Amino acid sequence: MGLADIGIKFVLIVIIFAISLVVAMYSTYAERKIAAFFQDRIGPNRAGPFGILQPLADGAKMFLKEEIIPTNASGFLFIAGPSIAILTACIGSAVIPWGQKLTIGTHVVDLQVTDINVGILYIFGVVSLGVYGVMIGGWASNNKYSLLGAIRAASQNISYEISMGLSIIALLMMTGTLSLREIAEQQHGFWSHGWFTWNVFKQPLGFLIFIVCAFAETNRTPFDLPECETELVGGYHTEYSSMKLGFYLFAEYINMFVSGAVMATLYFGGYNFPFMHHLGLSENWVTILGMLALFAKIFFFIFFFMWVRWTVPRFRYDQLMDLGWKTLIPLAIANIIITGLVITFLNR
Amino acid sequence: MESLSNKRKEVESKPLNFWERIYLPSIFQGLGITMKHFFRKPVTVSFPEERREFSENFRGMHSLKRDEDGRERCTACGLCALSCPAEAITMIAAERQKGEENLYREEKYAAVYEINMLRCIFCGLCEEACPKEAIYLDGDYVPSEFLRKDFIYGKDKLVEAPLNQ
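Going down the list, the protein sequences come from chains F and D.
Heads up, the first sequence is in our numbering, so the first residue is 2 and it goes up one at a time.
Heads up, the second sequence is in our numbering, so the first residue is -16 and it goes up one at a time.
Worth flagging that the hints you see were computed from the coordinates, not collected in a lab.
None of the values given here were measured: they were computed from a predicted structure.
Ideal Cβ positions, reconstructed from N, Cα and C, are used throughout, including at glycine.
Check each hint, because a few of them may be wrong.
As the list claims (entries may be wrong) - No farther apart than 25 angstroms at their CA atoms in a straight line, the calculated lysine to any residue pairs in the SDA-like style are these:
(1) D:19 to F:305
(2) D:140 to D:88
(3) F:203 to F:21
(4) D:19 to F:342
What the hints assert, rightly or not - Some chain D residues flagged as far from chain F (calculated, every beta-carbon gap over 10 angstroms):
(5) -12
(6) 10
(7) 14
(8) 21
(9) 37
(10) 46
(11) 62
(12) 77
(13) 142
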């Protein structure tokens, strides 16, 4: 690995970091706009044309607000909470393959920060670390509502991680690899051997379980019980103000972006799009179009997250646990068995 | 037992069937409904740029009227203040001096006439109580201010502009 390669990697990391932050920033704007459209309103439209400067105004407001650390809060952990939350949100994107290889002059640029062969395990590790940010923050606030929110977040994330993992196992049995790059490569094109190549058409039930769990893992409605304004004031971030609160809210949107990317990569073909090699374009153009296709898929998922948020009411806590333990886990296990039988007997 | 209104309806509480228990059909139905609203025209009126049309009998800001010779009609009888359920109106009466006949129609007039727009509920009872047809709620809505004291409108804001000579 020469110096030039290291330089290219560094630039790539900075670009991906910047993109996830910008996408998260404009997700807040999109959320408000989309919520408005769903409710026959027009949403923020004062800051700049169509209100596109609204996220900047919100950010400036967050920075200028008074920084409050409650007297009885545990000082170090109180600051560590949001830091962990945003850190774990940001590092998840490291193993996502954003596109095929790009050739610039003599250099071949791999559009992925690192292709570790246990990519999915890495994602799962990061996701389960994410709950520590919420837990530590809720615990350190020394507030009963924060603590209740943190307890809910912890038990919800742990319960749904199980069925998420089980739904992935069925997928891994088919792909035979944990590397996200290879999984994306296997879904090349759109149609081959008389069936769709994208995993969602081979694992529809697995995808359904995965997306439900993704909603729970990112604490989005209908599983937003950790925040739950109507019951817990603000949930785990009740005591937070200023940019520390901003970090928590921001982490949620980055998580949405990353989980959209993971879902697109695992189930919707990643950077592959139909007819990608029948258009007569050069490799670089196919790569760039593929990247755009991936982002289109991610944006669709983000839109879907918001669409569901403004449609479905929040689950009750016992319903949430019932759904996780009594419905999704048995379903995921059944999915594994069916997948196993199909692989063994039909050899596909 | 026969119900009094005949509107009684037996409420069913059957256990949910399979499709209702897996939530998904109703969730997709809900997604369809919200998507219909997504493409509907917003009902928002962007206030300072656009204005909602007032109905003909809209009750807005008060105005104290003048008669056909441009004289103030109010005679400071106090019936409006008495009728006001929010106690928003106060006034101080004064006697018309010689030479002021072109200013005030009656022999007594309101030297000070104040309405607290924060108290006013725009019910229109002052308008109904007035025997001299001197007060009408025919104005615009009350604009916003930064200080409470600016909401106490005196005669400078309430009395109609003088007739053009």
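Comparing the hints with the structure gives:
1. Distance check on the hinted pair: residue 19 (chain D) and residue 305 (chain F) sit about 15 angstroms apart at the alpha-carbon level, within 25 angstroms; holds.
2. Distance check on the hinted pair: residue 140 (chain D) and residue 88 (chain D) sit about 20 angstroms apart at the alpha-carbon level, within 25 angstroms; holds.
3. For the hint pairing residue 203 (chain F) with residue 21 (chain F), the CA-to-CA distance comes to about 29 angstroms; that exceeds 25 angstroms, so the pair is violated.
4. Between residue 19 (chain D) and residue 342 (chain F) the CA atoms are separated by roughly 42 angstroms; this puts the pair beyond 25 angstroms, and the hint is violated.
5. No Cβ of chain F comes within 10 angstroms of the Cβ of residue -12 (chain D); the nearest lies about 32 angstroms off, and the non-interface call holds.
6. Not every beta carbon of chain F lies more than 10 angstroms from that of residue 10 (chain D), the smallest distance being close to 6 angstroms; the non-interface claim is violated.
7. Annotated as non-interface, residue 14 (chain D) brings its C-beta within 10 angstroms of a C-beta of chain F; the closest such distance is 5 angstroms.
8. Its closest Cβ contact with chain F, about 5 angstroms, brings residue 21 (chain D) to no more than 10 angstroms, contrary to its assignment away from the interface.
9. Even its closest Cβ contact with chain F, about 22 angstroms, leaves residue 37 (chain D) beyond 10 angstroms, as expected for a residue assigned away from the interface.
10. Residue placement check: residue 46 (chain D) keeps its beta carbon more than 10 angstroms from all beta carbons of chain F (closest about 33 angstroms).
11. The beta carbon of residue 62 (chain D) is kept farther than 10 angstroms from every beta carbon of chain F, the shortest such distance being approximately 44 angstroms.
12. Distance to chain F confirms residue 77 (chain D) as a non-interface residue, since its nearest Cβ pair spans about 48 angstroms, more than 10 angstroms.
13. Distance check for residue 142 (chain D) against chain F: the nearest CB is about 36 angstroms away, which clears 10 angstroms, and the non-interface claim stands.
In terms of the numbered hints stated before, the structure departs from hints 3, 4, 6, 7 and 8, listed from lowest to highest.
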